[in-house]
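Residue numbers (this note's numbering), protein chains in the order written: chain A, 182 to 280; chain B, 12 to 511.
Since the hints were made in silico from the structure, they are not lab data.
Backbone N, C-alpha and C fix where the C-beta goes; we use that ideal spot for every residue, glycine too.
One thing to keep in mind: the hints can contain errors.
Unchecked claim - In silico lysine to any residue, SDA-like type, Cα no more than 20 angstroms apart, as pairs: (1) Lys108/B to Pro255/A; (2) Lys375/B to Ala497/B; (3) Lys108/B to Gln271/A; (4) Lys338/B to Glu365/B; (5) Lys192/A to Asn109/B; (6) Lys38/B to Arg245/A; (7) Lys38/B to Pro251/A; (8) Lys349/B to Pro330/B; (9) Lys192/A to Tyr101/B; (10) Lys38/B to Val249/A; (11) Lys249/B to Lys215/B; (12) Lys192/A to Thr316/B; (13) Lys249/B to Tyr101/B; (14) Lys108/B to Lys232/A; (15) Lys153/B to Lys192/A; (16) Lys232/A to Asp116/B; (17) Lys153/B to Gln271/A; (18) Lys277/B to Leu291/B; (19) Lys136/B to Leu291/B; (20) Lys232/A to Thr316/B; (21) Lys215/B to Val249/A.
As the list claims (entries may be wrong) - Now the in silico label distances, taken between C-beta atoms and shown as ranges: (22) Lys192/A to Phe49/B: 15 to 25 angstroms; (23) Arg305/B to Ala262/A: 23 to 33 angstroms; (24) Ile188/B to Lys192/A: 28 to 38 angstroms; (25) Ala195/A to Ile188/B: 43 to 53 angstroms; (26) Ile199/A to Ala327/B: 50 to 60 angstroms; (27) Ser294/B to Ala191/A: 38 to 48 angstroms; (28) Ala191/A to Asp133/B: 30 to 40 angstroms; (29) Glu397/B to Val248/A: 27 to 37 angstroms; (30) Ala195/A to Lys22/B: 38 to 48 angstroms; (31) Tyr101/B to Val243/A: 21 to 31 angstroms.
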Amino acid sequence: MSSLSRDEVAKLAALARIEMTEAELLELSSQFGMILDAVARVQEVDLSGVKATSHPQPLENVARPDVVAPSLSPEAALSGAPAQEESRFQVPQILGEAE
Amino acid sequence: MALSYDDVVAKYEPVLGLEVHVELNTKSKMFCSCATEFGAAPNTQTCPVCLALPGALPVVNEKAIESTILIGLALNCKIAPYSRFARKNYFYPDMPKNFQISQYDEPICFDGYVDVEIETEDGPKQFRIEIERVHMEEDTGKSLHVGGATGRIHGADYSLLDYNRAGIPLVEIVTKIVPGTGKYAPEVAKAYVAELRDILRGLKVSDVKMEQGSLRCDANVSLKPIGSDVLGTRSETKNVNSLRSVERAIRGEMIRHAELLNAGQKVKQETRHFQEDTGLTRSGRSKEQAEDYRYFPDPDLVPVTPDAAWIEQLRAGLPERPSVRRKRLQQEWNVPDKEMAAMINADVLDIVEETVSLGADPTKARSWWLGEISRIANEKDLPVAELSIKPVDVAELVSLVSKGELTDKLARQVVEGVIAGEGTPAEVVAQRGIKVVNDDGALMAAIEKVCAEQAETAEKVRGGHLPAAGALIGAVMKETKGQADAARVRELLLKHLGQG
Ligand SMILES: [Zn+2]
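So here's chain B without its partners, still in its complex pose:
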């Protein structure tokens, strides 16, 4: 029987664990000098090292080590004075070496934390997510499964491998188990991944594009009856590639687990794959036999022993924490709490900041991004950042409106034009022939016409009943096809009717 989410959290307490993989944005790979460009033609970024040809030797990328230490510091971790790389042995064609170079019992960063804040029924509440470890490894190649159900592993006739991605520096960030989030577990997980993304973006160590896979989240979920100390069996959901999916995947898994437990069945310890279209997970590899990766120190790579002075230098250069930045921007822009939460939720903070830096008024910039533009993005089911309208366009738009060259209504048409790919606001204005009628003569002609047509209403206004002016202004705006500045129309109309 289908359970509601409320039923689930009334009976069970969720326990989370999150593993986030981040592709670093180094120019070259982790252990070789191949380029790391996204979207290059297949197998154009490979060499003897990342193809594992005999005799090839890996040498670690110093920038990748620096980036990983920066991540550790930003997540309040300790940095290991001595750490090593280890081989994680498994056979799968996405790793041509038949092992992945990773770190095992000596990760470079460990014991950190991230604080996240979410909106609850009782107002904002902070949760501390403890970080178990941050370690370095390398990404795998990309498989394309051919035949059978296209794209899916199951039923494929054969697979095709592109090793461009194999060996791109990858950092894995693993939380300790996260208890005590109760019904807010999905929101806390989403807020954590969003905070991580913002921290990483601030550090400039990764593109953090979830949709391109440079930030990927695996969510471990288990349930225990409220009040129990015994942890339930967990499932691990992979392929969670958007913030919204993190929330949906965890909520979905909580419901799935509760349905099994309520029916007296067992939750299987297994890997599950998140399906973007349905929001459900499907069963993947069973983990009933624990994997046996036979980790051992990689003999080809020497230990990493970062100098304490260097670590302190990196710590001193850390950028402003995203949470601190948000508070600062909220103050500078004078944004009410609710609006601030809406901006964060809509993920438009960076874009608004950029628009403001181009000279736009913060309130105007915010209302465009959060209002009309977000509305169109929702309609198109796209993130705001993927629309073709950019901060520079919105800054131009705000300036056109403030100079009186566009009304808000006309500006909305311009937004539509920019998003439709018709060019910059100025180009859209020119091509669509959009212009404010600010010729007082033309406006007066329209006002006189409307007052004659609606003489009774005009008389009311003349008699001092100002609310009646609204209908006349509306009619004048219609008469001028929305191209008049409503404020100027009001001014002229009231003057005309002896109320100015």
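For reference, chain A alone in the conformation it holds in the complex:
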């Protein structure tokens, strides 16, 4: 049976900015294992010559003309923002950890 280590799950959680308890990390590492097993079965089939699928419908080239339509008002755009200032979204200090 495949598995994802606890540390790998912790890394994924960090990348996705999801806070997880130790118990959740362990629980998910075994659940991911089951998912990986299911996917592994597909890898047993000979798929050479089959293009990776990203869309279930055979649609291509869906585009729109370059025409401007009205935008939201700044008030509407900002209406869901927890904090704002000068018509801008206010967010906590960026990259405190890295810069």
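Since the structure of chain A is provided, determine the placement of chain B with the ligand on it from the hints.
Same frame as chain A, but now just chain B with the ligand:
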């Protein structure tokens, strides 16, 4: 110890890689119908799609696809018959979706090249810059960092986001590594970005204003000892927002790397930020842990499969290549090589062409833009194009001079007036009361006065010693406050002294 650039290139070989981001000039955004105007009030050009509200779905802008294919064709790329959009996942408040729609392993254009020519000690030399890929993506929002050291991320208390720019179509043009440029690496990089800018301008797909950020360059630089096959560690310098900065940033990074290597230290693989004021770079994000963007095909956007006939139609409509155009203009205007290089270097080719198209003589147009106007621009530390004097003004000026209504000297005063915002040349002439004294009577009075004052010199001229006339002409010009036409003064003076 500070190394000289010559020391660096005597020992090391630079390897370049350049990533250029171009904002397309479509009317609407890449995946939604919001407007793309530069400088609009904050958050007035947003909608559920570019704000990533739940349930919103992106639809690609067909004009952006066309523009990207045009760019690929102009850069001699192959156009992919099948390409997809991918999500580049990262958390940063400038992207409200928490991913950027980009392209990953299936870029729409790939394997192209651009040839650039630079002046070397051995004359002009051509370098081929190979293009790895040209792909479509979307621009990010703009952050304003408040508190701490204002404007800087470090020490900011919080940040303010304007999403007007989020979702503006962006094209990324990535070179393969560029080896073999030696000590000319900075010039080659600058020439490449300039050539790209000219190509894009010719295609009319972007405003290509580096100072407004519609053309941005990231420069990857590494050094290896001359003769070695092992690539050194590279740094990636961001925020390089002028042609001159491209050159300065690369030169500065080469010196910085060499100093580290000479001291037995390692170059860190990291992002660095170019500082316009000092010309140096400062350390940014460390890339010691490779970024993990977890790209995957965007399920909301279907594949792009451009029709081969359409591609050929676009190829057939490509404009004249900038290098070809330059050769043509040089011939049409009969410009010596050195002057041509000066015009390209001063970035006045477009402006001179426009002036000529308004009826000005090419040589006169060129000498105004390259001479007096460039001198004032240098003084003000501004690009020529940002001065308030326009091609139509210079065309008018050339015409006034050729009609004898202005002397070159007076015309320089007019240039000064136009640049100072006093209006068109005719308005400056009227307001400043500038006029050529072409009333022969007034000139004769001045000539007679000067000849009387400098009788000895006048006598020499009368005796056939013509070089002595210069001093008299100068005195007459002074007498008429520079408003006389020197050629006419000379004519009248020589006649007066029996030499006409
Ligand atoms: Zn929008």
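To see whether the hints hold, each was checked on the structure:
| no. | hint | verdict |
| --- | --- | --- |
| 1 | Lys108/B to Pro255/A | holds, 18 angstroms |
| 2 | Lys375/B to Ala497/B | holds, 18 angstroms |
| 3 | Lys108/B to Gln271/A | holds, 16 angstroms |
| 4 | Lys338/B to Glu365/B | holds, 17 angstroms |
| 5 | Lys192/A to Asn109/B | holds, 17 angstroms |
| 6 | Lys38/B to Arg245/A | holds, 12 angstroms |
| 7 | Lys38/B to Pro251/A | holds, 12 angstroms |
| 8 | Lys349/B to Pro330/B | violated, 26 angstroms |
| 9 | Lys192/A to Tyr101/B | holds, 13 angstroms |
| 10 | Lys38/B to Val249/A | holds, 6 angstroms |
| 11 | Lys249/B to Lys215/B | violated, 25 angstroms |
| 12 | Lys192/A to Thr316/B | violated, 36 angstroms |
| 13 | Lys249/B to Tyr101/B | holds, 18 angstroms |
| 14 | Lys108/B to Lys232/A | violated, 28 angstroms |
| 15 | Lys153/B to Lys192/A | violated, 28 angstroms |
| 16 | Lys232/A to Asp116/B | holds, 13 angstroms |
| 17 | Lys153/B to Gln271/A | holds, 12 angstroms |
| 18 | Lys277/B to Leu291/B | holds, 19 angstroms |
| 19 | Lys136/B to Leu291/B | violated, 28 angstroms |
| 20 | Lys232/A to Thr316/B | holds, 15 angstroms |
| 21 | Lys215/B to Val249/A | holds, 19 angstroms |
| 22 | Lys192/A to Phe49/B: 15 to 25 angstroms | violated, 39 angstroms |
| 23 | Arg305/B to Ala262/A: 23 to 33 angstroms | holds, 27 angstroms |
| 24 | Ile188/B to Lys192/A: 28 to 38 angstroms | holds, 30 angstroms |
| 25 | Ala195/A to Ile188/B: 43 to 53 angstroms | violated, 32 angstroms |
| 26 | Ile199/A to Ala327/B: 50 to 60 angstroms | holds, 52 angstroms |
| 27 | Ser294/B to Ala191/A: 38 to 48 angstroms | violated, 28 angstroms |
| 28 | Ala191/A to Asp133/B: 30 to 40 angstroms | violated, 59 angstroms |
| 29 | Glu397/B to Val248/A: 27 to 37 angstroms | holds, 32 angstroms |
| 30 | Ala195/A to Lys22/B: 38 to 48 angstroms | holds, 42 angstroms |
| 31 | Tyr101/B to Val243/A: 21 to 31 angstroms | holds, 26 angstroms |
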